[in-house]
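**Student:** Based on these hints, arrange chains B, C and D on the given structure of chain A.
Residue numbers (the working numbering), protein chains in the order written: chain A, 14 to 274; chain B, 14 to 274; chain C, 14 to 274; chain D, 14 to 274.
If you are wondering where the hints come from, they were derived from the structure by calculation, not from laboratory data.
Don't take each hint at face value.
No copy labels: a pair is met if it fits in one copy or bridges any two.
[Claimed, not checked] The calculated lysine-lysine pairs, modelled on DSS-like cross-linking and capped at a C-alpha distance of 25 Å, are:
#1 K92 with K123
#2 K264 with K253
#3 K132 with K264
#4 K123 with K139
#5 K261 with K139
Protein chains: 4
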Amino acid sequence: MAIRAVVWGENIHDRENAVVREIYPKGMHGAIADALNADPAIEATTATLDQPEHGLPVDRLANTDVLTWWGHRAHGEVKDEIVERVAERVWQGMGLLVLHSGHFSKIFRKLMGTPCALKWREAGEKERVWVINPGHPIAQGLDPSFVVPQTEMYGEPFVVPEPMETVFISWYDGGEVFRSGLTFQRGAGRIFYFSPGHEVYPIYHDRNVRQVLTNAVKWAANPVPAWTTVTEAPNVPIDKAPEPLTEKGPKLHAAGEAGLR
Amino acid sequence: MAIRAVVWGENIHDRENAVVREIYPKGMHGAIADALNADPAIEATTATLDQPEHGLPVDRLANTDVLTWWGHRAHGEVKDEIVERVAERVWQGMGLLVLHSGHFSKIFRKLMGTPCALKWREAGEKERVWVINPGHPIAQGLDPSFVVPQTEMYGEPFVVPEPMETVFISWYDGGEVFRSGLTFQRGAGRIFYFSPGHEVYPIYHDRNVRQVLTNAVKWAANPVPAWTTVTEAPNVPIDKAPEPLTEKGPKLHAAGEAGLR
Amino acid sequence: MAIRAVVWGENIHDRENAVVREIYPKGMHGAIADALNADPAIEATTATLDQPEHGLPVDRLANTDVLTWWGHRAHGEVKDEIVERVAERVWQGMGLLVLHSGHFSKIFRKLMGTPCALKWREAGEKERVWVINPGHPIAQGLDPSFVVPQTEMYGEPFVVPEPMETVFISWYDGGEVFRSGLTFQRGAGRIFYFSPGHEVYPIYHDRNVRQVLTNAVKWAANPVPAWTTVTEAPNVPIDKAPEPLTEKGPKLHAAGEAGLR
Amino acid sequence: MAIRAVVWGENIHDRENAVVREIYPKGMHGAIADALNADPAIEATTATLDQPEHGLPVDRLANTDVLTWWGHRAHGEVKDEIVERVAERVWQGMGLLVLHSGHFSKIFRKLMGTPCALKWREAGEKERVWVINPGHPIAQGLDPSFVVPQTEMYGEPFVVPEPMETVFISWYDGGEVFRSGLTFQRGAGRIFYFSPGHEVYPIYHDRNVRQVLTNAVKWAANPVPAWTTVTEAPNVPIDKAPEPLTEKGPKLHAAGEAGLR
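Bound conformation, chain A alone (with noise of 0.2 Å):
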């Protein structure tokens, strides 16, 4: 079975911004979109920000195995609901990649537990991404190295708890290093953070962006089936412990109660 793909887009410098729209007449969620689908082993459709639920409903959520996320102008218009929802999925094993300015949604702060900030400049200069694990599943199908010729510059520090794995690094015209690819895993989800992709750019158009992309929904997709479970704190009652075991001294909860949130 496909690996069932949903790309969110915030789809609004798409439509109002003449350089964004003409670069991405379908915009940059089509392009990804687009991307994903050439390859036979995804199949990905599109949700925005301007639909009902922002385009992610309980059940579709419930049948999304990788969520790509992009937002910059509008993070602080997306539902804390839908957050929620959308992280108690990927604590459920559903694979999330947050991609460029998505490094402030408040899904990946939500997940990361820090700022998640970054220094930055828009000037149009090169970005040489550098692959540290050319093992790494995500860096399959890569040079050495790659070249954006034109990007946003994002630099160091990028406030993130220290990542599971460092793949890719990316050097700047302008003296700026930045750790451009890490990913991460929160419950059952692994998470892939992508730097590249500046709207006024034809960053998801370029062949080794759309690889990464391709790769990393393969790698983030967990064949586990969903934990379900994993925001409740279960009770063990003593006559259900695995070991047999005499009650001891006073407690806090009746029997049965629930526990203390």
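**Tutor:** For chains B, C and D alone, coordinates are given in the frame of chain A:
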């Protein structure tokens, strides 16, 4: 200069539950602060939920090196504003010890980015805490294992990110195991979670537990001055780039414009 | 194409010890290979210490996706040359499962960079293996915990580097705990250590243990082509630098000279 | 009590190469020791390859808190016995700073379990070292980045395990990047790799580099007493089990027998 520790306590069961009151006449926070103050390298004071700003005004936090957090019944009553404030201080470099039922506190869940769920049983059973890394400063002075004679069982899976270090793992009479001592880093802040500490048993009077808390406060105190800009995302204008740079191509942002959040 | 697994066995107690021989008439390696071959996605063969080159000639290893390693009495008899060869294949991307007493094998100690020591007791006691991350592919299809009715106790501290992921932790009758399932990465190679497997008990006939091994082989198989240059330290001459560069200052090396090792 | 640092130097190019001799009349080890001794919290002495036991007899190492290691041309001449000795002290808790070409030293490769390979170019180009975690003790007192005006380029992929922390990443004139400051832990020992330090440039006279080395020695010094049993695999006999235990089933080992290695 002594390490400035603030011991935060929810202070509800400490006052309202007769069992807890008898064990901890000065409150659990009082007992913990006494344990820490027994070491001349630490100066511990206390703060509680019922105080204005939960006892954590901005200037006090700014002068706190390590905060310890015990809450259980009233996680929901902790104001989001104070949680944000504490998180920012952790990112800046303040150490944080999260104790027992604090696993479900707003601050811990925020910093972890996961549900922080676990299994539990209140049977007064025996817990044996094993030292996983005897060379870790938090384990200094302990035997290979120590016993908490009566404990609340906390069982795996404990839904937190893979820790920086696994310091302790607990064995329970009833057959479960738990990663009872874990370290994490968020920004410049060091975090230690330690699970023993159920309120109806005299756990914070235990010699070994007090040793762990004292060690952990010392470990979590970051000697580096506060990283006060940790949440900022500064623009680096072209003329301030480390290397000489010429602007190329289209732009989204006008010169001097603030970044989007 | 099926995953090509090679099951390496020391094959000494399997032949010389009557208890082991009766439990494993085809050797422990035979039982493990049978378990893996029950899954159509895997094609497992065996190799043993007594074969030429320990059954691991260069071309066979080059065509192996995942190697499993069980040894106990004769770690010292494994030739260093073969250990180097296996290590290099792991760095290139071959998966490695290290089983039970293999913790003291030359290959595991080489890849870990630590003593890999632990505590032990042979009392036929009960081991309860807890799943720490139910969303991990290696845990797929398992209950929250499973019991190995008779086991050799392996106790902490297990002196390995902090793992990439803690998949299993074991509880023992006698009061100890052990991180019984850990993942690591070295170069492009994924490594899984799994502790159950003492030879005088029928552990590799256990349904859950066989499930773990099958899952782990699938997890460890890296789809990326071998990183054949993983041990090379190439010079990048000035005229091949990604950016135009002018030589400055004194040099140690003449042009074209190989680097020092 | 001051931190007892030993600065190990290969001391070959320091004597034989005119350029190096002029920059480092006291040897590179002499310059590094001077840098460390400028901080009253550190007492640094030196040791070199040509001394008996390479200047690292058992009792000296036993009284060393942190060892720094610089070698380039003669890695192969370092006796395996001394490498084992140093490794064991690291596991016991001695800190280790591995400098520049020390990436290919026997001791670093042994502790990493990987090839430790990288790319290189000797063009005297500029290196800009970026601080990735400004809150890390090793980065204390540094600007967001600092420049090494002439350096040997070390380029990714650097084949080491994923580090505990990425402290520095370097940008080079020629277009490459490198993780120039990484931390690791092996047993009780903290390890820091720092790449600047090519012998034909005056890098160890640089103010920022000296600050890094001084910070790193303080960070690597473990206050916990040596874990002297770190390589032992003790049997825990049945009558010494933490919980009462009855022997069941067959055994491989006779009572009191040593474990197999």
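**Student:** Give a verdict on every hint.
**Tutor:** So, going through the hints one by one against the coordinates:
1. K92 with K123: Both ways: K92 and K123 sit 13 Å apart in one copy and 17 Å across, limit 25 Å.
2. K264 with K253: within (18 Å within a copy, 32 Å between copies)
3. K132 with K264: Close across copies (17 Å), not inside one copy (52 Å); limit 25 Å.
4. K123 with K139: neither (31 Å within a copy, 36 Å between copies)
5. K261 with K139: between (68 Å within a copy, 9 Å between copies)
The earlier numbered hint that this structure contradicts is number 4, and it is the only one.
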